[in-house]
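Asks: Going down the list, the sequences are from chains A and B. First residue of the first sequence? That's 1 in my numbering, and the numbers climb one at a time after it. First residue of the second sequence? That's 1 in my numbering, and the numbers climb one at a time after it.
You may find that some hints are simply not true.
To be verified - A few chain A residues that face chain B, going by a derived Cβ cut-off under 10 Å, partial list only:
{"hint": "1", "residue": "P11"}
{"hint": "2", "residue": "I14"}
{"hint": "3", "residue": "S15"}
{"hint": "4", "residue": "I49"}
{"hint": "5", "residue": "L68"}
{"hint": "6", "residue": "N71"}
{"hint": "7", "residue": "T74"}
{"hint": "8", "residue": "I255"}
{"hint": "9", "residue": "A261"}
Stated by the list, open to error - Straight-line C-alpha distance at most 20 Å; calculated SDA-like pairs for lysine to any residue:
{"hint": "10", "chain 1": "B", "residue 1": "K66", "chain 2": "A", "residue 2": "K60"}
{"hint": "11", "chain 1": "A", "residue 1": "K98", "chain 2": "A", "residue 2": "I70"}
{"hint": "12", "chain 1": "B", "residue 1": "K98", "chain 2": "B", "residue 2": "K273"}
{"hint": "13", "chain 1": "A", "residue 1": "K60", "chain 2": "B", "residue 2": "K273"}
{"hint": "14", "chain 1": "A", "residue 1": "K256", "chain 2": "B", "residue 2": "K66"}
Hints were generated in silico from the structure; no laboratory data involved. Glycine included, every Cβ here is placed at the ideal spot set by N, Cα and C.
Number of protein chains: 2
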Amino acid sequence: MFDSVIIGSGPCGISAAIYLKRFGFNVLVIGKDYGTLSINTLIENYYGIESINGIDLIKKGINQAKNLGINVLTEEVVKIEMGNGFTVSTNKNVYACKTVLIATGMKRTTLKIEGLKDFEGRGVSYCAVCDGFLYRKKRIGILGTGEYMKSELEVLKRFSNDITVFTNGEDVDLDENVVCEKIIKIEGENHLESVVCENNTYDIDCLFVAVGVANGSSFARHLGILMDDKEHLIVDNYMTNIPGIFAGGDIIGGIKQIITAASDGCSCAYKIKDYLKEK
Amino acid sequence: MFDSVIIGSGPCGISAAIYLKRFGFNVLVIGKDYGTLSINTLIENYYGIESINGIDLIKKGINQAKNLGINVLTEEVVKIEMGNGFTVSTNKNVYACKTVLIATGMKRTTLKIEGLKDFEGRGVSYCAVCDGFLYRKKRIGILGTGEYMKSELEVLKRFSNDITVFTNGEDVDLDENVVCEKIIKIEGENHLESVVCENNTYDIDCLFVAVGVANGSSFARHLGILMDDKEHLIVDNYMTNIPGIFAGGDIIGGIKQIITAASDGCSCAYKIKDYLKEK
Numbered sequence: 001m002f003d004s005v006i007i008g009s010g011p012c013g014i015s016a017a018i019y020l021k022r023f024g025f026n027v028l029v030i031g032k033d034y035g036t037l038s039i040n041t042l043i044e045n046y047y048g049i050e051s052i053n054g055i056d057l058i059k060k061g062i063n064q065a066k067n068l069g070i071n072v073l074t075e076e077v078v079k080i081e082m083g084n085g086f087t088v089s090t091n092k093n094v095y096a097c098k099t100v101l102i103a104t105g106m107k108r109t110t111l112k113i114e115g116l117k118d119f120e121g122r123g124v125s126y127c128a129v130c131d132g133f134l135y136r137k138k139r140i141g142i143l144g145t146g147e148y149m150k151s152e153l154e155v156l157k158r159f160s161n162d163i164t165v166f167t168n169g170e171d172v173d174l175d176e177n178v179v180c181e182k183i184i185k186i187e188g189e190n191h192l193e194s195v196v197c198e199n200n201t202y203d204i205d206c207l208f209v210a211v212g213v214a215n216g217s218s219f220a221r222h223l224g225i226l227m228d229d230k231e232h233l234i235v236d237n238y239m240t241n242i243p244g245i246f247a248g249g250d251i252i253g254g255i256k257q258i259i260t261a262a263s264d265g266c267s268c269a270y271k272i273k274d275y276l277k278e279k
Numbered sequence: 001m002f003d004s005v006i007i008g009s010g011p012c013g014i015s016a017a018i019y020l021k022r023f024g025f026n027v028l029v030i031g032k033d034y035g036t037l038s039i040n041t042l043i044e045n046y047y048g049i050e051s052i053n054g055i056d057l058i059k060k061g062i063n064q065a066k067n068l069g070i071n072v073l074t075e076e077v078v079k080i081e082m083g084n085g086f087t088v089s090t091n092k093n094v095y096a097c098k099t100v101l102i103a104t105g106m107k108r109t110t111l112k113i114e115g116l117k118d119f120e121g122r123g124v125s126y127c128a129v130c131d132g133f134l135y136r137k138k139r140i141g142i143l144g145t146g147e148y149m150k151s152e153l154e155v156l157k158r159f160s161n162d163i164t165v166f167t168n169g170e171d172v173d174l175d176e177n178v179v180c181e182k183i184i185k186i187e188g189e190n191h192l193e194s195v196v197c198e199n200n201t202y203d204i205d206c207l208f209v210a211v212g213v214a215n216g217s218s219f220a221r222h223l224g225i226l227m228d229d230k231e232h233l234i235v236d237n238y239m240t241n242i243p244g245i246f247a248g249g250d251i252i253g254g255i256k257q258i259i260t261a262a263s264d265g266c267s268c269a270y271k272i273k274d275y276l277k278e279k
């Protein structure tokens, strides 16, 4: 069992890992990709480094952690569950741990589908565990193509046999009903009633959105972590409302600079250390 | 007039300067020396830099600022005064500014003289402006040798002609009464009465301590900035109780890591920007 599993290999996650490792804890970092920083071309405001490419800084950080003997895995976290401590499931494995640090950043797959926003809470949901039971034996739609969608799909299968996967134009290999058409809009009166695609209209009772990869706010929704209206996780001294789950970096809001994220990581490590020692 | 004068050229001060400069403000950094970090030999927990000497990191930061066109002066700040904005006086010059950032770190000249601590508030003072008037026309002692002592001495001269400078064994060239003997202890009943030196005992009514350089807590005392019992400046969103005077890094307490100090600098810059824009 790991003392801490850190989700995210950006400035916050890696900085936390470096401190936790040096505190003597058994830590694992799981990062899916290079996050928001991979978009930033040139960074010239990070104290101590005059000029560096975003992606180079991320790689540098990961190597720094690896050279300290920290395990940094490139896997996709699909869910976090509570039990005896926590279990973090990726597309490849399951990891048990005493604490979790959510340092995923705020990268979000934005979906511009007419009507999607309007039906949030009225048929459109972002969390199978939270809302699946509302649609027991109903016609369930799920939107997505990747590992995260598959993980949500597994949950929804407990509630209904009538499930349609909407890929919004992509191909995907699944045993379920799959609609690979582009989605034009979501329709309904007070509640979602149908998904209008290029060639056909599909009548369903709900649509679960699980596009792209699970991010900080997906984990928060599934676990009942409090968020503000901008989907930043609400923390008190870097701990969320769930004891043992910490968060830092862009996902908790603030000025979203690299230096503040790296500093958050350090502060998170101190708080995690205190939490583990109290246990 | 500068938009901001930053006192301290460590991680907090330089990081703030980089951000303020890039926000388009006219900023000046004044640093006396390499601070606490010059003692740290090897830094291996700073995100993005695998291993670096403390002094090399400080030099790197200063060069980074200079290459952005920021003026970084090696002068000793002896006082900050309020007026139309603020004036920051060094051993060489006076600088007017709209805001001040105190990022001096917590390096403190510790003095181990028997009785000194016991008579704090009862004859021993650390602030001429604050307590000088209490000893009008009395026998005033002042302890110190440098620019900061001279600056405090100027203030004390307004209150008394009977001033003795104690150097605690060092030589100093001054027109005042100078005692260059080592100090053994401070004596008195309820209130300080005399300074016992190696060869003689000197009867005085008070002793102003102005050893070494003025640091964050000296400035705080002179300006009435609130401090906690560990002499950390108390800030609300990086601003002290004096509007326009900000503080960050070790001087405000917390976990005192390089990464958190550099992050504080960035956060201070954002707060200073907001303050200047409101004005």
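Asks: Are the hints correct? Go through all of them and say.
Replies: We went through each hint and held it up to the structure:
Hint status for A/P11: holds, given a least beta-carbon distance of 6 Å to chain B, under 10 Å. With a cut of 10 Å, the hint placing A/I14 at the interface with chain B holds, because the nearest CB-to-CB distance is about 6 Å. Given hint, A/S15 at the interface with chain B, holds; its Cβ is 4 Å from that chain's nearest Cβ, closer than 10 Å. Taking 10 Å as the C-beta contact cut-off toward chain B, the hint placing A/I49 at the interface holds, the least distance being around 6 Å.
Because the beta carbon of A/L68 sits about 8 Å from the nearest beta carbon in chain B, less than 10 Å, this interface hint is met. Interface hint at A/N71: violated, since its Cβ lies 18 Å from the closest Cβ of chain B, which is beyond the 10 Å cut-off. Hint on A/T74 is violated. Least Cβ distance to chain B is approximately 19 Å, over the 10 Å limit. Interface restraint check for A/I255: the shortest CB-CB distance to chain B comes to about 5 Å, inside 10 Å, so the restraint holds.
At its closest, the beta carbon of A/A261 sits 8 Å from a beta carbon of chain B; the interface hint therefore holds under the 10 Å criterion. This hinted pair does not check out: B/K66 and A/K60 have alpha carbons roughly 25 Å apart, beyond 20 Å. Distance hint between A/K98 and A/I70 is fulfilled; the C-alpha atoms sit about 17 Å from each other, no more than 20 Å. With a C-alpha separation of about 11 Å, the suggested pair B/K98 and B/K273 falls inside the 20 Å cut-off, and the hint holds.
Distance restraint check for A/K60 and B/K273: the Cα-Cα separation of roughly 31 Å exceeds the 20 Å cut-off, and the hinted pair is therefore not satisfied. As the CA atoms of A/K256 and B/K66 are separated by approximately 25 Å, the hinted pair breaks the 20 Å bound.
The earlier numbered hints that this structure contradicts are 6, 7, 10, 13 and 14.
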